[in-house]
Each structure stands twice: as C-alpha cells, then as structure tokens.
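A.B. asks: If you read the sequences in order, they're chains R and B. Anchor point for the first sequence: position 67 equals 67 in my numbering, and the numbering is continuous, going up by one each time. Count along the second sequence from 1, then add 1000; that gives the number in my numbering.
None of these hints come from the bench; they were simulated from the model. No experiment lies behind these values; they were computed from the predicted model shown. Incorrect hints may appear among the rest.
[To be verified] The calculated lysine-lysine pairs, modelled on DSS-like cross-linking and capped at a C-alpha distance of 25 Å, are:
1. B:K1053 <-> R:K94
2. B:K1012 <-> R:K111
3. B:K1053 <-> R:K104
4. B:K1012 <-> R:K104
5. B:K1104 <-> R:K104
6. R:K111 <-> B:K1023
7. R:K63 <-> B:K1107
8. B:K1053 <-> R:K96
9. B:K1023 <-> B:K1104
10. B:K1107 <-> R:K104
11. R:K111 <-> B:K1107
12. R:K111 <-> B:K1069
13. B:K1104 <-> R:K111
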Amino acid sequence: MISDTAPEAPGENRLEHFEFPVFRNQREFGEYMSDIDYDVDRLHTTADSVGDREDLMAALQKKYPELNGNASKLVEHLRLNHQELERKESWFTKLKKMPGRAMKATWETVKAHPYITAAVVLGITAAALYYTGAGATAISWIKAKVMGSLLGEGVAGAGEVVAEAGEVVAEAGEVAGNVADAVGEAAGAAGETIPEIMEQIPNAGNLPGAGAGAGGTLPTVPTL
Amino acid sequence: MLNTIHLTAEEKPQFDNFSDDLKEGWTVEDETIDAYEPPEVLKMRMQMVDLDKYPEALTILERLQSGEKLMDINLNDVGDDILRELAFTIGAKGMNVLIRSVLKSAKTDEDVEGLAGMTLIRHEILETNASISYTK
Chain R
1 MISDTAPEAP GENRLEHFEF PVFRNQREFG EYMSDIDYDV DRLHTTADSV
51 GDREDLMAAL QKKYPELNGN ASKLVEHLRL NHQELERKES WFTKLKKMPG
101 RAMKATWETV KAHPYITAAV VLGITAAALY YTGAGATAIS WIKAKVMGSL
151 LGEGVAGAGE VVAEAGEVVA EAGEVAGNVA DAVGEAAGAA GETIPEIMEQ
201 IPNAGNLPGA GAGAGGTLPT VPTL
Chain B
1001 MLNTIHLTAE EKPQFDNFSD DLKEGWTVED ETIDAYEPPE VLKMRMQMVD
1051 LDKYPEALTI LERLQSGEKL MDINLNDVGD DILRELAFTI GAKGMNVLIR
1101 SVLKSAKTDE DVEGLAGMTL IRHEILETNA SISYTK
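The shape of chain R in the complex, shown without the other chains (with noise of 0.2 Å):
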C-alpha cells in the first residue's frame, strides 16, 4: 500500500494529516476493507445504495476519526482505487489472448522510432518515479524534462518549471513560436498527465545545435 495526499478540502474540512491510502492489488485492497469491516463487494453499490453509502462512511469514520467529516472523499477515492484494479485484472486476462506478436512488434517499433522512444522512456520515468514515491513530484519533473528538450540545457536549468513556465517561456523569446506554445502547453496547468507531457515529445530536439536535448539542473526527487 501507498499513501495519496488528500485532495485539498475546502475550509474547515481540510485534512491535515490523514493521507488517503493506494492500493496496488486485490489481496491489500481487501485486507483493507476487511479492517475496516466491511464487504468489498459492497463498495460499489454505495453509488445507488444510500444506505450502503452511509455504513462504509460510518465504518471509515470510526477506524480514522482525523477524517473531520470527509469520508466521502474516502469512499469516492476507494471507489476508484477499486475500479482500477479490477480493471487492470481484466487487462491482464486480455493479454493472454491477444497474438503474442502485437506485443513484440510495438516494442520494435517504439524502439525504432527516437521520438516514440522519448515518450516511452518519459512514461517509464514516470511510473518509476510514482513507484519510488516521489508522487506529484514526478509531474513537475517530467515537466523540467521535456522542457529541457525542448528549449535546451540553459533555460531549463535555470527554470522552476511548473511555477515560473511563464518566464520560462517569455526567456525563449528567440525559439520559434511554435516551440514555445509548446513548451506553453507542456508547463500548463490544465496538462497534468504523463500522456498529456508525452505528446510535447515530437517537438523535442527541434532546436539546432548543442542546446537541443533534455537536461539541467533537475527538482530534488527521492533517491533510490
């Protein structure tokens, strides 16, 4: 099991300490719900079931009194804990049946391609630094990253990158505008998933010269 931050709760009901738990598998998921006494097989039906809703809330409250009123958000986030892994279940049976050659001639192909290579290795990146637990840590340096790619070693050194993409982008004044939208986008508030960061990848590499290339002084992130 990790542990996700809380999502921010507005005023008096914002969660200082509790820290909403990731489960990377079945058997935790369940031993977490059997803790808490309470059926695991339940868990959906607290959508239509305002009954069933209102037990897991009261179960929570009770085993994390320092919820302060925000089981809700518990039991949303279990919810799709939950969802994900029953989903990723399924991905995994799907694999078995499908021809063995699609896996293999993807691969081929990511390995082919540079770029399709960078944006595999960013995902890769990504889900390791996730895994080490680096957590939201892992968006912005993803970020520096592409933003190291794409407007070279100097700027994204030098940068703060999510907080200052602005004087970022404004210092690339000389970089084609094309790049610097997407350097924009790559930094912007709205593009927060790895596949969103991914797409940034094509235009790495685009300056000419020693600039071009991922690099700089990088955020802190949890050592291995």
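Since the structure of chain R is already known, use the hints to place chain B on it.
C.D. replies: Relative to chain R, chain B alone:
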C-alpha cells in the same frame, strides 16, 4: 494472428495516405470505443504502478536523475514485457500519443505491424475501460 489495425475516424485518413505496399495485407477496423481515461484515473493508475518485475525502469530513472539526456536513452535493455504494466498505466490516452507518432512516421512494414500492435493494445484497454466503470 496480427492482421487488423483498429483506427479512429480521425486516424484512418492518415493510414489511407500510406503507400499501397505498406497497406497491403492489413484489414482496417473502426475504433469506435471512446472510453478514454479522465485525469483522475490516470493519476490513480500511476500511483498503482507496480515495477517489482521491471528493475530496468528504475535504472532509466537513475540515468535521468544523474543528468543523462532524455534523447540519449534507448530501450535496448528493456524487454517488451514492460508494456503490460506501462500500457495500462498510460492508458488508451497514452497509447494515442504513440499511435499518432507512428502514423506520422511509418516507413516500413515493421512500423505498420507495430502500429497494428499499438492499436490492438489501445482497443483492449478501451474495452476494459468501457466494461468496468463504477465511478461517475
């Protein structure tokens, strides 16, 4: 056997522009499922990622952390098995990125075969997304 390419309506014209030699032997099916992952699902999948079996992913992270350039890292030492975990984690949305790139750059039969593989992976993930949906 891998002989079908699942393409969206937006992607089909790009495939149609491929040379006849590249298109030969492939059947195109419409990708009509649009159960793409919202940001909260992708974030959850990232948090759920399990790399126990893929230490090479951590090696890549170490290399980037040590300052190596993104474009200098290849995947020659990484087996295709990592796609099991990665494809689900980046989701159909992430597979779209790869598919769009191949549609723009495919030049060989191997590229088209890879495209078929990617679209099949996306199709299966979309089917999974559509068939299991508990949240609003």
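A.B. asks: When the hints from earlier in the document are held up against this structure, which numbers fail?
C.D. replies: 7
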